[in-house]
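If you read the sequences in order, they're chains X and D.
First residue of the first sequence? That's 1 in the working numbering, and the numbers climb one at a time after it.
First residue of the second sequence? That's 1 in the working numbering, and the numbers climb one at a time after it.
Keep in mind the hints are simulated off the structure, nothing from the lab.
A portion of the hints provided could be inaccurate.
Here are the simulated lysine-lysine pairs, DSSO-like style, with alpha carbons at most 30 Å apart [unchecked claim]: (1) K142/X x K248/D; (2) K82/D x K21/X; (3) K161/D x K248/D; (4) K129/X x K82/D.
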Amino acid sequence: MAAISFQSVTKSFDNAQGAFKALESVSFDIQEGEFFGLLGPNGAGKTTLISILAGLLKASSGRIQVQGLDVQTQSALVRRCLGVVPQELVFDPFFTVREALRFQAGYFGIHNNGDWLDELLEHLGLADKANHNMRQLSGGMKRRVLVAQALAHKPPVIVLDEPTAGVDVELRQTLWQFIARLNREGHTVLLTTHYLEEAEALCARIAMLKQGRVVALDNTSTLLKNASSNVLRFKIDEQLPTDLAAQARITGRIVQFPAHDAAQIEHYLAAVRSAGLLAQDVEIRKADLEDVFLDVMGAES
Amino acid sequence: MTGWQALFYKEVLRFWKVSAQTIAAPVLTALLYMLIFGHLLEGRVTVYESVSYTAFLVPGLVMMSLLQNAFANSSSSMVQSKMMGNLVFILLTPLGPWSWFAAYVLAAVVRGLVVGLGVLLVTIWIAPITVVAPLWILVFALLGAAMLGTLGLIAGLWADKFDQMSSFQNFLITPMTFLSGVFYSIHSLPPFWQQVSHLNPFFYMIDGFRYGFFGKSDVSPWLSLVLVGSAYVLVAGLAYHLLRIGYKIRG
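With these hints in hand, go ahead and build the complete structure from the sequences.
Right under this line is the structure:
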C-alpha cells in the first residue's frame with residue numbers, strides 16, 4: 001500500500017482573470033519508507049498539492065489517499081498519519097516552546113509523551129529554548145519549532161514544505177540528520193525544497209511540477225543518468241557576446257554551458273577565445289540535479 | 001486528556017497569561033461605572049421599591065462584563081489565529097467541529113464567569129445585594145456567556161481583519177448590551193422603546209439574571225429562559241455549521 005497516493009488531483013481557483021488551474025491531473029504514488037522530493041519553481045503548485053493533502057484545501061476533482069485512507073472522507077484518520085511542516089513561518093505568541101509542543105500532541109489526544117518531546121527538542125537543538133516564549137526566538141529557531149510541532153504526535157508520514165527556506169547551514173545539517181534518521185526508522189518523508197543539492201542528496205525519488213503538471217517522475221539516479229550531458233564551467237571578467245550568453249547559465253562571473261560531448265566543449269571554448277575573451281578556472285563536471293531541473297523546466301514551455 | 005480538552009486548556013491559558021488585560025481591566029472598568037453612575041444617580045432614580053439604584057446596578061454590570069468578555073475571548077482568539085496564521089496548527093489536527101465548538105465556547109464561558117465574578121466581588125462592597133434565587137443567577141450567567149462566546153466564535157470566523165471584528169463589537173455587541181437595561185429598568189422607558197427593548201435578546205439575559213438577585217424582573221424569568229434558550233440553539237447550530245464546512249478557514 002502506498003503511503004501517499006495522488007490520483008488525478010486537479011485544483012482550479014477563480015480569480016479576476018477567470019478560472020486558474022493550479023493543478024492539472026496530478027498522479028503519483030509515494031511508497032512507505034520513501035524519501036521523496038517534490039520540486040518545481042514558485043507557483044508550480046507544490047504548496048497547493050500539499051495543502052490538499054493536509055486537508056487545508058479541497059481538490060476540484062481527483063482524490064488523495066494516505067495509507068489507504070481518503071483525505072476527504074476519512075480526514076480525522078488521515079491527519080493522525082500526517083505531520084505537516086507548513087511553509088509560512090507561523091507561531092503562537094502566547095506560549096513557550098514546550099507549551100506549544102504539549103498542546104500540539106494534546107490535540108491528537110496524546111499526553112505523557114514528554115520523552116518524545118524531549119527527544120525532539122534535543123535533536124532539533126531547542127533544548128535550551130524549551131521555556132522561552134515563541135516571540136523571543138529568531139526566525140531559524142521558530143522554523144525548528146515548526147518542525148518539532150509537526151512531529152509532536154510522531155506521525156508515520158512526514159511532509160516538509162520548504163523547511164530550510166531562510167535557515168542557516170547549521171540547522172540544515174541538524175534537521176537533515178534528524179529527518180534522515182526518522183526515515184531510516186521507517187517514516188515516509190515528502191519534501192519540497194528550493195535547494196536542489198539537498199534534494200539530490202536526500203531524496204531517492206523525485207517528481208517535478210511545472211504549471212500544475214507533473215513533468216518528471218523518476219529515481220533521482222535515473223534522472224541524473226538520463227541527463228547525459230556534462231557541464232562546462234568557467235569564470236570570465238567581461239560580458240559574453242549575446243548569442244553565446246543565450247545558451248549559457250550565468251551567475252555573476254560564473255558561466256556554465258550544458259555540453260553533450262567533447263566537440264561541443266571545444267566549440268564553446270573556441271567561441272569564447274575568438275570573441276577575444278579569457279576563460280579562467282575552466283572545469284568540466286557531470287550534470288547535477290540543478291541542471292536536470294533547468295533542463296526539464298526549460299523544455300516544452 | 002482528549003483532543004478538545006487540550007484545545008480548551010490552550011484557550012484558557014491564552015487569556016490567563018494576559019490576565020491584566022483580559023480580567024483586571026474589565027473589572028476596573030465596571031468598578032468605574034459603579035462609582036460614577038452609582039454616585040450620580042443614587043437616590044434620584046428608583047427602579048424597584050426597596051432596591052437601591054446602586055444595588056440594582058450590580059447585577060447589570062456583572063452581566064454586561066460577563067457578556068462582553070465572553071464575546072471578546074472567542075472572537076479575538078479566532079481572528080488573531082487566522083491573521084497570524086497559527087490556526088494551521090489546529091487545522092492540521094483530527095479535531096472535528098464539535099471539538100472546536102466545545103473548546104472555544106467553554107473557554108469563553110470561563111473568561112466570562114471569571115470576569116463576572118470579579119465585578120461582583122468589587123461592587124458588592126459598594127452596594128450590598130441580596131441573592132433570592134441562586135439557580136437563576138447561575139443559569140443565566142452560563143447561558144449568557146455561552147451565547148456570547150458562540151457569537152464571538154461566529155464573528156471570529158467571519159471577520160478577516162481586526163477592524164471588521166471591532167465594528168461587530170462596537171456597532172452590535174456594545175449597543176445591544178447598553179440598551180438591554182444594564183443601567184435602567186425598561187419600565188422607565190416610553191412605551192415605544194419598551195417594545196423595541198423586547199426585541200433585544202440581551203434584555204432577557206440581564207433581566208433573568210437580575211431576577212435571581214432581587215426576585216423582581218421586567219418579564220418572567222421563565223419567558224427569558226425560553227427565549228434565550230431558543231436563541232442559543234439557533235446560534236449554536238449556525239456556529240456548528242460554519243465549523244463543519246470550514247467557513248473561511250478551509251479553502
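* To do: Would you pick out the hints that fail for this structure and give their numbers low to high?
  => none
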